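Colleague: Numbering (the working numbering), first residue to last: 92 to 375.
Don't take every hint at face value.
Unchecked claim - DSS-like mimics (lysine-lysine), calculated; alpha carbons at most 27 angstroms apart, straight line:
#1 Lys210 to Lys240
#2 Lys353 to Lys227
#3 Lys240 to Lys255
#4 Lys237 to Lys353
#5 Lys353 to Lys326
#6 Lys255 to Lys210
#7 Lys210 to Lys326
#8 Lys255 to Lys326
#9 Lys240 to Lys227
#10 Lys227 to Lys210
#11 Lys255 to Lys346
#12 Lys255 to Lys237
#13 Lys210 to Lys346
#14 Lys346 to Lys326
No wet-lab data here; the hints were simulated from the structure. Please read all numbers here as calculations on a predicted model, not as lab measurements.
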Amino acid sequence: LDLSNNHLSGAVPDNGSFSMFTPVSFANNLRLCGPVTGHPCPGAPPFSPPPPYIPPPPAPEAGGSSTTGAIAGGVAAGAALLFAAPAVLFAWWRRRKPQEYFFDVPAEEDPEVHLGQLKRFSLRELQVATDGFSNKNILGRGGFGKVYKGRLADGTLVAVKRLKEERTPGGELQFQTEVEMISMAVHRNLLRLRGFCMTPTERLLVYPYMANGSVASCLRERPPNEPPLDWPTRKRIALGSARGLSYLHDHCDPKIIHRDVKAANILLDEEFEAVVGDFGLAKL
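Modelling step: build the complete structure from the supplied sequences, incorporating the hints.
Modeller: Encoded structure:
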């Protein structure tokens, strides 16, 4: 209770509840007197101020040594968990992470392996798609091998390039590296690699099927009853080819030099949009 600054007067007893008050409680009441106020009343003997308050020492806790031991044990357990957790998480991640197999496996056990959007086909799957690489499905021949028309199990039409056999030491790893490099070149005017197949005896690349063939076939092998390509279409084909080559040479990372630019390697989709193909194959 604070009674300060109230212009009170009189003697304040020092017993009962008043003994719990301090002089601060009666500050600026000059007419009050008594031991509690710090001002002696007239005619009363002088009094000494109360001794300062000294808090009692804290009582010792029972089982102090056991508490200290528990704390030390908790710290040790936490440190052990901190060091063990990364190892446990790494082991769990390794078990869940799908393994990527790039090297040769028997055709009978060749698994499907996906490298991002790039798929590894089994040799059997491509043999079925092309009717055993039948001559009737040949779309073209080039310096790197033959190209076959194929139909996958889901009905998708593809072009399968069967590369010529040139086995060299370390060729499998080089082939894989080049395939991954080609798959990273993505542009509307570049032929997108869909997948590949690699066995001890075969190396094949799988591309989308281009319905209108190549520029060479449209210019030289067009049926007599079909009109020739008009000039606006030819201009669009030329500009699309230039955009694709510009991306390969100037903007692709890493840059790819085509090395074999010709009309047979400029393919045409359903809308006669130019798509540059066979880039990077000089190193395969």
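Colleague: Each hint should be assessed against the structure and marked as holding or not.
Modeller: Verification of the supplied hints:
Our distance criterion of 27 angstroms between C-alpha atoms is met by Lys210 and Lys240, whose separation comes to about 18 angstroms. With a CA separation close to 24 angstroms, the supplied pair Lys353 and Lys227 stays within the 27 angstroms bound. With a C-alpha separation of about 17 angstroms, the suggested pair Lys240 and Lys255 falls inside the 27 angstroms cut-off, and the hint holds. For the suggested pair Lys237 and Lys353, the alpha carbons sit about 16 angstroms apart, so the restraint of at most 27 angstroms is met.
A C-alpha spacing of about 16 angstroms is found between Lys353 and Lys326, which places the hinted pair at or below 27 angstroms, so the restraint holds. Only pairs whose Cα atoms come within 27 angstroms are accepted, and Lys255 paired with Lys210 is accepted, the gap being roughly 21 angstroms. Using a Cα cut-off of 27 angstroms, the hinted pair Lys210 and Lys326 is violated, with the two alpha carbons roughly 35 angstroms apart. For the proposed pair Lys255 and Lys326, the alpha carbon gap of about 34 angstroms is over 27 angstroms, so the pair is violated.
Distance hint between Lys240 and Lys227 is fulfilled; the C-alpha atoms sit about 9 angstroms from each other, no more than 27 angstroms. A hinted pair counts as satisfied when its Cα atoms are at most 27 angstroms apart, and Lys227 with Lys210 qualifies at roughly 26 angstroms. Restraint check: the Cα-Cα separation between Lys255 and Lys346 comes to about 25 angstroms, which is no more than 27 angstroms; the hinted pair holds. Only pairs whose Cα atoms come within 27 angstroms are accepted, and Lys255 paired with Lys237 is accepted, the gap being roughly 8 angstroms.
Of the pairs offered as hints, the one joining Lys210 and Lys346 holds, with about 23 angstroms between alpha carbons and a cut-off of 27 angstroms not exceeded. The hinted pair formed by Lys346 and Lys326 meets the criterion: a straight-line CA distance of about 26 angstroms does not exceed 27 angstroms.
Checked against the numbered hints listed earlier, the structure breaks hints 7, 8; every other hint is satisfied.
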